[in-house]
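S.K.: Here is how the chains run, residue by residue.
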Amino acid sequence: MSHLTPTPVLEPAQDRTMILNMGPQHPSTHGVLRVLLEIDGETVVRIMPDIGFLHTGIEKTCEAKFYQQVVPLTDRIDYLCPMTNNLCYVLAVEKLLGLEIPPKAQWMRVLMNELTRINSHLVWLGTHALDIGAMTVFLYCFREREEVLKMFEAISGQRMMTSYFRIGGISLEPPLGFFDRVREFAGYFPSRVDEYENLLTGNPIWGMRTKGVARMTAEDALALGASGPTLRGSGVDFDLRRDMPYSGYENFKFKVPVSQDGDVFSRYMCRVRELRESNEIIRQALEGMPEGPIKADAPGVVLPDREKMKTQMEALIYHFKIITEGFAVPAGEVYQAVESPRGEMGYYVVSDGTAKPYRVHIRAACLANLQTLPTMCVNGLIADVVAAIGSIDIVLGEIDR
Amino acid sequence: MPLAPPIIEVEQLKEHPALARLLAWNAGAVVGAKFDRDEMSIYVDRGYLREASSLLRDDPGCAFNFLSDITCVDWYPAEPRFEVVYHLLSIVKKERVRLKVKLESASTVVESLTPIWPGANYFEREVFDLFGIRFTGHPYLRRLLMPEDWEGHPLRKDYPVEGYR
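In order, the protein sequence lines correspond to chains A and B. Residue numbers for the first sequence follow this note's numbering, beginning at -14 and rising by one. Residue numbers for the second sequence follow this note's numbering, beginning at 899 and rising by one.
Calculated from the structure, these hints are not laboratory results. A quick note: this is a predicted structure, and the numbers were derived from the prediction, not measured. A portion of the hints provided could be inaccurate.
[What the hints assert, rightly or not] Per the computed footprint, the stretches of chain A lying under chain B, defined by three or more beta-carbons under 8 Å from a beta-carbon of chain B, are:
# : stretch
1 : 45 to 57
2 : 151 to 165
3 : 217 to 229
4 : 275 to 288
5 : 317 to 324
[To be verified] 25 Å max Cα-Cα, derived BS3-like pairs, lysine-lysine:
#  : chain 1 : residue 1 : chain 2 : residue 2
6  : B       : Lys991    : A       : Lys238
7  : A       : Lys341    : B       : Lys1055
8  : A       : Lys306    : A       : Lys341
9  : A       : Lys341    : B       : Lys1000
10 : A       : Lys80     : A       : Lys306
11 : B       : Lys1000   : B       : Lys932
12 : A       : Lys80     : A       : Lys45
13 : A       : Lys280    : A       : Lys80
14 : A       : Lys80     : B       : Lys932
15 : B       : Lys1000   : A       : Lys45
16 : A       : Lys80     : B       : Lys998
17 : A       : Lys240    : B       : Lys991
18 : A       : Lys135    : A       : Lys89
19 : A       : Lys240    : A       : Lys280
20 : B       : Lys992    : A       : Lys238
21 : A       : Lys89     : A       : Lys240
22 : A       : Lys295    : A       : Lys80
23 : A       : Lys341    : B       : Lys998
24 : A       : Lys50     : B       : Lys1055
25 : A       : Lys45     : B       : Lys991
26 : B       : Lys912    : A       : Lys135
27 : A       : Lys341    : B       : Lys932
28 : B       : Lys912    : B       : Lys991
29 : A       : Lys196    : A       : Lys135
30 : B       : Lys998    : B       : Lys1055
31 : B       : Lys932    : B       : Lys991
Even for Gly, the Cβ is constructed at its ideal location relative to N, Cα and C.
Let's have the full structure, built from the sequences with the hints guiding it.
M.R.: See below:
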């Protein structure tokens, strides 16, 4: 186990080595990650990530807000998958309240979550290939991502910080023609994934840069707390959507891609196959979309419809009370985990019986995944550090919170 | 779906595999237990935390082989003030359990779990940074998110939301 607890890089340990600082402004660090490297020629001897540049104290801010006011904050934690954050938080609060969610809201949440996963993986694929030197893929990926962002804008009014989910359901009915638009996208998207694969999967240069690079065994990945494609790329078959289903995922049939090699290429293959599986889930969600309300029947918690507010006294009172004083949540604690594009995202919410959360803690998948970096990179080349960072798919907003 | 009241009697919960294993090993290590909203919490005496975690990881009946998360809750001004919370996951059995250690504000020290799960490294550094809990046996217990020269621990309840001005 001791090889998994790296020694800090502060000054060169030997005469022939030197310390190299990478970041925090380096383009391949996807934000503001600083990496300290001790190198012997081109070989990495030790490596230490330095984080915290994006720390905004979101967990502290949550303690000063009403439960419903926390939803927009969660968007900004992992800004590539806002709806996954929304989902995880609202599921946790709904579990605290003991709320039952109508089926249509659940299916909409699954549909939007898989679109979010596609959005996030497309950014990952584009930037990962760009880091390694394949510029074209970036342009192809962002073509499809633009379409997904337009759909987000149509449904929630925002391209990135959607805040679409609410405690008790979702905020708005999808607009007219929305499902047709998603259906059209889901129809052509697999052929677009073929295009990305044509550019990369069989490409010998891509293979040389990724195969056998930044290896990690399954035991190491588990011991370090890695999750998501970083774990499945090392051959551990575990996906929270299938194994501990939430929000109605048990109604969907999909495969969980696993690769055995534990290198950059197998993590790449996992995510690319996940793109296709997500598309499959979207198709199933469109086919089986139930009819019915999009919000739970819980007057003190869920905001009433605008129409009712104009005709019913009680609706107006509830609206006023929820907005001005929030709603009390029974005391208790809940840990809710969902499968985000990067791994296990968990929200630990503690309530003391008032209208504000006593404590909100976010288990960031990337924070744990980043710890695998020394295991992957030591005794490799400096150029492969860039490939390894890309293959973890880090989002610094989530790491630093 | 009305909420069922939490069960807090160890006697009623001793069928739970993780709790049963810990009680069979050393009943003195278990301070209490709680089953609420389908989630199991076990309060562990801080002197036995590392051994208890190692037992839960290696026992085939429990197989909690994955450390999901470490965090802390500050119950200021109540005593014991801090609760360090560990979320364990069994990838084999697809189950979760929560271990908790209560700490008095006079002695905010607990054993590090890095020898059992090296992945505890960053989580413990984060708790040290934001709550000021010390983990004995941690290889590099420094601030993780806040600047090195920061004063105070921001997630403590007696630290104002706007910060000190």
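S.K.: Each hint needs a verdict: does it hold in this structure or not?
M.R.: Do the hints match the structure? See the list:
1. Residues of the stretch 45 to 57 of chain A lying with their CB closer than 8 Å to a CB of chain B number 4, which satisfies the three-residue condition for coverage.
2. A count of 0 residues in the stretch 151 to 165 of chain A with a Cβ less than 8 Å from any Cβ of chain B is obtained; the coverage claim is therefore unmet, three being the minimum.
3. Under a criterion of three residues with beta carbons nearer than 8 Å to beta carbons of chain B, the stated coverage of the stretch 217 to 229 of chain A is upheld, 4 such residues being counted.
4. Under the rule that three or more residues need a Cβ within less than 8 Å of chain B, the assignment of the stretch 275 to 288 of chain A is violated, with 0 such residues.
5. Remark: the stretch 317 to 324 of chain A is confirmed as covered by chain B, as 5 of its residues place a Cβ nearer than 8 Å to a Cβ of that chain, reaching the required three.
6. A distance of roughly 21 Å separates the Cα atoms of Lys991 (chain B) and Lys238 (chain A); the hinted pair therefore holds under the 25 Å criterion.
7. Of the pairs offered as hints, the one joining Lys341 (chain A) and Lys1055 (chain B) holds, with about 14 Å between alpha carbons and a cut-off of 25 Å not exceeded.
8. The hinted pair formed by Lys306 (chain A) and Lys341 (chain A) meets the criterion: a straight-line CA distance of about 14 Å does not exceed 25 Å.
9. Taking the CA atoms of Lys341 (chain A) and Lys1000 (chain B), the gap is about 23 Å. The hint holds against a cut of 25 Å.
10. For a cut-off of 25 Å, the pair hint linking Lys80 (chain A) to Lys306 (chain A) stands: about 22 Å separates their Cα positions.
11. Restraint check: the Cα-Cα separation between Lys1000 (chain B) and Lys932 (chain B) comes to about 14 Å, which is no more than 25 Å; the hinted pair holds.
12. At roughly 22 Å between alpha-carbon atoms, Lys80 (chain A) and Lys45 (chain A) fall within 25 Å of each other, so this suggested pair holds.
13. With a C-alpha separation of about 15 Å, the suggested pairing of Lys280 (chain A) with Lys80 (chain A) holds against the 25 Å cut-off.
14. Taking the CA atoms of Lys80 (chain A) and Lys932 (chain B), the gap is near 16 Å; set against the 25 Å cutoff, the hint holds.
15. Distance check on the hinted pair: Lys1000 (chain B) and Lys45 (chain A) sit about 21 Å apart at the alpha-carbon level, within 25 Å; holds.
16. Restraint check for Lys80 (chain A) and Lys998 (chain B): the C-alpha separation of about 20 Å stays at or below 25 Å, so the hint holds.
17. With a C-alpha separation of about 20 Å, the suggested pairing of Lys240 (chain A) with Lys991 (chain B) holds against the 25 Å cut-off.
18. Distance hint between Lys135 (chain A) and Lys89 (chain A) is fulfilled; the C-alpha atoms sit about 22 Å from each other, no more than 25 Å.
19. Between the alpha carbons of Lys240 (chain A) and Lys280 (chain A) the distance comes to roughly 30 Å, so the proposed pair goes past 25 Å and is violated.
20. As the CA atoms of Lys992 (chain B) and Lys238 (chain A) are separated by approximately 19 Å, the hinted pair is consistent with the 25 Å bound.
21. For a cut-off of 25 Å, the pair hint linking Lys89 (chain A) to Lys240 (chain A) stands: about 23 Å separates their Cα positions.
22. A hinted pair counts as satisfied when its Cα atoms are at most 25 Å apart, and Lys295 (chain A) with Lys80 (chain A) does not qualify at roughly 31 Å.
23. A threshold of 25 Å between alpha carbons decides the hint, and for Lys341 (chain A) with Lys998 (chain B) the separation of about 23 Å falls inside it, so the pair holds.
24. Note on Lys50 (chain A) and Lys1055 (chain B): the hinted pairing holds, with a Cα-Cα distance of about 15 Å set against a maximum of 25 Å.
25. Taken as a hint, the Lys45 (chain A) and Lys991 (chain B) pair is broken in the structure, with Cα atoms around 34 Å apart against an allowance of 25 Å.
26. At roughly 53 Å between alpha-carbon atoms, Lys912 (chain B) and Lys135 (chain A) are farther apart than 25 Å, so this suggested pair is violated.
27. Taken as a hint, the Lys341 (chain A) and Lys932 (chain B) pair is honoured in the structure, with Cα atoms around 23 Å apart against an allowance of 25 Å.
28. Our distance criterion of 25 Å between C-alpha atoms is met by Lys912 (chain B) and Lys991 (chain B), whose separation comes to about 18 Å.
29. Annotation: proposed proximity of Lys196 (chain A) to Lys135 (chain A) is violated, straight-line Cα distance about 35 Å (limit 25 Å).
30. Straight-line distance between C-alpha atoms of Lys998 (chain B) and Lys1055 (chain B) comes to about 19 Å, which keeps the hinted pair within the 25 Å bound.
31. Under the criterion of a C-alpha separation no larger than 25 Å, the hint pairing Lys932 (chain B) with Lys991 (chain B) is consistent with the structure, at around 20 Å.
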